[in-house]
Amino acid sequence: ITPGKVYMSVINTERSGDYLGSCVQIIPHITDEIKSMIRKIADKSGAEVVLVEVGGTVGDIEGQPFLEALRQLRNEEGHENVMFVHVTYVPYLRAAGEFKTKPTQHSTKELRSTGINPDMIICRSEMPIDSSLKRKIAHFCDVEEEAVVNAPDASSIYEVPLVLDSERVGDYIVRRIELDVDGEADLSEWAGIVESLMIDEPVVTVGIVGKYVELEDSYISIREALKHAAAHLRIRVDIEWISADDAVNEEDLSRLDSILIPGGFGERGIAGKLEAVRFALENRVPIFGICLGMQCMVIEFARLNGMEGANSTEFDPETPYPVIDMMEEQKRIKNMGGTMRLGSYQCRIREGTLAHEAYGTELVGERHRHRFELNNEFREELESRGLIISGTSPDDFLVEMVEIEDHPWFLGCQFHPEFRSRPNRAHPLFVSFLRAALEKSR
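Here my numbering is used: the first residue of the sequence shown is -18, the next is one more, and so on.
Because the hints were derived from the structure by calculation, they are not lab data.
Just to be clear, a hint being listed does not mean it is correct.
Stated by the list, open to error - Restricting the straight-line Cα-Cα distance to at most 25 Å, the calculated cross-link-like pairs of lysine to aspartate or glutamate (DMTMM-like) are:
id, residue 1, residue 2
1, Lys(-14), Glu61
2, Lys83, Asp(-1)
3, Lys192, Asp233
4, Lys16, Glu159
5, Lys117, Asp161
6, Lys(-14), Glu79
7, Lys83, Glu29
8, Lys421, Glu159
9, Lys192, Glu148
10, Lys90, Glu140
11, Lys421, Asp233
12, Lys117, Glu91
13, Lys117, Asp100
14, Lys83, Glu61
15, Lys192, Glu159
16, Lys25, Glu126
17, Lys16, Glu29
18, Lys90, Glu29
19, Lys16, Glu79
20, Lys16, Asp(-1)
21, Lys25, Asp41
22, Lys81, Asp123
23, Lys16, Glu(-5)
24, Lys90, Asp100
25, Lys81, Asp100
26, Lys83, Glu57
As the list claims (entries may be wrong) - Label pairs and their calculated CB-CB ranges:
id, residue 1, residue 2, range
27, Tyr73, Glu386, 15 to 21 Å
28, Gln6, Ser147, 30 to 36 Å
29, Leu143, Ser(-3), 55 to 61 Å
30, Ser147, Lys83, 23 to 29 Å
31, Glu170, Trp222, 30 to 36 Å
32, Ala228, Gln45, 44 to 50 Å
The beta-carbon is built from N, C-alpha and C at its ideal position, and this holds for glycine as well.
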């Protein structure tokens, strides 16, 4: 639920005349829409508990309608059915050698000014805080002492559920909102996943060649999907971030066990990505291309196989071989968002391919976000030169996945498999990719 979705929904409702010409305001129209969206999520999922996270900082103007909507929601649903958890930071002043609780006290006071009284306070800190500090926070913030929870820095984000469980967070929540739960929570499977994520060896090195590598969180889903796959294989993955904006150094690439080309938009950095694809082809290094990464793999493959000057019309509208192009029916759409192939679509996988070996099935659903596709006018020519179309849309019109045969692991997909990866369900393509990288490392 984003502000854009909320405001767009309210504007569309007003345009359709549902408000009968009345003045549209933050309260009640925006807040009512937020509450409606939350309830729809509960109804659609059939969930007994809906966890709503309000990002940002208490006092941010962008968050005020959401806090007001949640305040109203508690009154409408009943205090016993709504619980507020406030996450604060407890800084440690090294010069003084002590924690300071004033920021927590002030943020709680600010939250109360919105009409929301927190039922639980989770204290983020560099190091564990002691019970006396918890008592102090409970006293000044007017919450029960057992509702003051410490979440110190962990070596992995996946450790945090175990940390919260050790603080008996689940027990308190169950009592507070009167959930009918029998027995203790069993986190043994999760503990096993965390243990797998901490493995030190064997190690495989993956080079991510992208143009946003200065901010690693730009590729956070890919990074975490690699970690999930590594845990599944009980190996450690080391990621080398390689800027596609610079000339890619072959010496840097030669140290890698595998290469991953992530998605993106625009011409900047394309030359570096194409260099990485060429290196992987010529040196038989496992390579995985996602979205734009797949398109770069197709372009470089075409260039190395007699189609000199092959390119995408996104980068060169006059290319003699537009192997990547926007579909004709999309070119007439002036709104860029309208030309997106956005959301979950099915992909039919060809038997006897790397993709089929990884998935173990013929039909999968994957999430998409792209405007350009492999140009069907060059599909037969590319296949005749050795490109394998291993995945297509169910009607066989859109190319979803490509491979080549004479290579340890060369696979590109037009969709974003990283969005479907989970710590306990690593995505099969990432697992297959790292398995090939492990073979290369040996």
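Hints, verified against the model:
no., hint, result
1, Lys(-14) with Glu61, "29 Å, violated"
2, Lys83 with Asp(-1), "47 Å, violated"
3, Lys192 with Asp233, "16 Å, holds"
4, Lys16 with Glu159, "22 Å, holds"
5, Lys117 with Asp161, "32 Å, violated"
6, Lys(-14) with Glu79, "44 Å, violated"
7, Lys83 with Glu29, "36 Å, violated"
8, Lys421 with Glu159, "54 Å, violated"
9, Lys192 with Glu148, "41 Å, violated"
10, Lys90 with Glu140, "30 Å, violated"
11, Lys421 with Asp233, "16 Å, holds"
12, Lys117 with Glu91, "18 Å, holds"
13, Lys117 with Asp100, "16 Å, holds"
14, Lys83 with Glu61, "29 Å, violated"
15, Lys192 with Glu159, "49 Å, violated"
16, Lys25 with Glu126, "36 Å, violated"
17, Lys16 with Glu29, "16 Å, holds"
18, Lys90 with Glu29, "30 Å, violated"
19, Lys16 with Glu79, "41 Å, violated"
20, Lys16 with Asp(-1), "18 Å, holds"
21, Lys25 with Asp41, "30 Å, violated"
22, Lys81 with Asp123, "17 Å, holds"
23, Lys16 with Glu(-5), "17 Å, holds"
24, Lys90 with Asp100, "13 Å, holds"
25, Lys81 with Asp100, "21 Å, holds"
26, Lys83 with Glu57, "33 Å, violated"
27, Tyr73 with Glu386: 15 to 21 Å, "57 Å, violated"
28, Gln6 with Ser147: 30 to 36 Å, "46 Å, violated"
29, Leu143 with Ser(-3): 55 to 61 Å, "49 Å, violated"
30, Ser147 with Lys83: 23 to 29 Å, "27 Å, holds"
31, Glu170 with Trp222: 30 to 36 Å, "32 Å, holds"
32, Ala228 with Gln45: 44 to 50 Å, "48 Å, holds"
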